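We have chain B; now place chain Z onto it with these hints.
Which chain is which? The protein sequence lines are B and Z, in order. Everything in the first sequence is counted per my numbering, starting at -10 for the first residue and increasing by one. Everything in the second sequence is counted per my numbering, starting at -10 for the first residue and increasing by one.
Rather than coming from a laboratory, the hints here were simulated on the basis of the structure. This one's a predicted model, so the numbers in the text were calculated from it and none came from an experiment. Check each hint, because a few of them may be wrong.
In this list, chains with the same sequence are indistinguishable; a pair is considered to hold if it fits within one copy or across any two.
Stated by the list, open to error - Quick list of in silico lysine to any residue cross-link-like pairs, SDA-like style, CA-CA up to 20 Å:
1) K271 / I213
2) K144 / V131
3) K209 / V166
4) K214 / E269
5) K219 / A180
6) K133 / E174
7) K219 / M185
8) K6 / N53
9) K247 / N(-7)
10) K6 / K24
11) K223 / N105
Number of protein chains: 2
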Amino acid sequence: MIKNFEFFKEKIIDSEKKKIVLVGSEDREALISLKKAEKIGIADAILVGNKEITKKYCEELQINFEIIDSKTPESAVEIGVKLVNSGKGNILMKGLIKTSILLKAVLNKDWGLRKNKLLSHICAMEIPGIDRLLFVADGGMVIKPNLSEKIEIIKNSVEFLNDLGYANPNVAVISAVEVVNDAIESTIDAAILSKMNQRGQIKNCTIDGPLGIDNAINEKAAEIKKIKSKVAGKADLLIVPDINSGNFLGKSAIYLSKGTIAGVILGSRAPIVLTSRADEEKSKLNSIALAVYSTLKK
Amino acid sequence: MIKNFEFFKEKIIDSEKKKIVLVGSEDREALISLKKAEKIGIADAILVGNKEITKKYCEELQINFEIIDSKTPESAVEIGVKLVNSGKGNILMKGLIKTSILLKAVLNKDWGLRKNKLLSHICAMEIPGIDRLLFVADGGMVIKPNLSEKIEIIKNSVEFLNDLGYANPNVAVISAVEVVNDAIESTIDAAILSKMNQRGQIKNCTIDGPLGIDNAINEKAAEIKKIKSKVAGKADLLIVPDINSGNFLGKSAIYLSKGTIAGVILGSRAPIVLTSRADEEKSKLNSIALAVYSTLKK
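Isolated chain B (complex conformation) (with noise of 0.2 Å):
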């Protein structure tokens, strides 16, 4: 169980430093949160894109980071890429640049980064009154898995809490209702995936489920429904039907609860951050230290 996203980053300062890889560096918001970043002592960076116009942006805010030049957008996504690939560079972030043409160099047969079967997104939410960070997947890039999809999913989020000092995270696999309902899909994938991990075909995390949000996090709510089991009221890991029910539950984080949030795509041979220009500063942030922190050696 992690608190707070004060933990990385407080982890992170007492160690060396990593290189966040920024892909379309004439991106001045992206510059602003490495900027922080730095300052903060979490990471160092190395910028890739049209040099003219990082420079400048460079300069207007103090910052003094390695700046290569690339004439495309194709071309700087390959040579981040293969700056990770290579190991000069440890996290790959999105600038300004289609998260299409990111991925497909990110998923390139040859010098791509990919490892896992599948991409996935990983949100980690840190709300006021909450005792620990929440993680949600998939809310932010598989559209609507299937079953299978869903185990790649569980893979990759669970091997990155393992990365994060979970030794075996309670996974919830969510739905509207804690009973199996042949009506509701995610109700049967959830009564799936739970006896998969039994039967050990999904390893090293707990997973349990159907279970509503509310049991899931609240172990009174689970009492009240009378509810048995490991993961009810102490999930860290909440598996969602699809990306609109992940992504609205994100958002509320924020614009409902007052909480803060981070997203981190897993799969990769290296953690991707990628924000949207909507995400607040704070959010970035959060992001480059749990990308960061899964990386370090523990």
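Only chain Z this time, still in chain B's reference frame:
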């Protein structure tokens, strides 16, 4: 725009008392919420169910409502529905009775309460720091609505909001993204529903979508994304893609945002209060207030 649930309670107190018909009245928790509703002056009740057990609870709780004996759940719902149909009762409330039995009676062709094409659920959320109530449909009844069902859900919900005093509510059809993406069905439906509203096919509201939760409810978030819309940032009602995503929103309002919610079934001649055992007492009382207020002549 209505700020909070208190608004309804205050208005109801000055009006003629409405009768809640509790079917399956041998339900201690439901009786407690009705006692509270009577105490604060927002409702009176008729109890239909096992007279012996109901009477015992009423004596214990010191409440004094009319009790109608019924030997079976089927007869209890029939009596209850007919009471509402005849005007002796104004609102139906589910007690210790299966939802399926209750709904079957509501939909009975000879003596039921069906009014619109579809029954649907609406949830109202009061969240600290949000300046107004937010309504969500459908996170409780229709599992995976297709386009026609979404139209009916909107019609039911808008009719209800009109009854609550919203002359022309802002309806956001929400999705994970605010652009039309043919891989995400909810964005396609959102575009169609917006156009139908613009052409006058869905009336008494302003519909826009796809919108993200952030830019639906938060004006600043809408500005950042440069969304031109009468609804963005000012949504009263959020139309969700399916029961999971709506259910997660309602539950996160309670368990993540420390809010309170209310839920009512719509599409019938009278609103139906259908709370679950795990619902907080506040939720039950809010649901009663919402249902009662919607039936008042304004």
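Violated hints - listed by number, lowest first: 11
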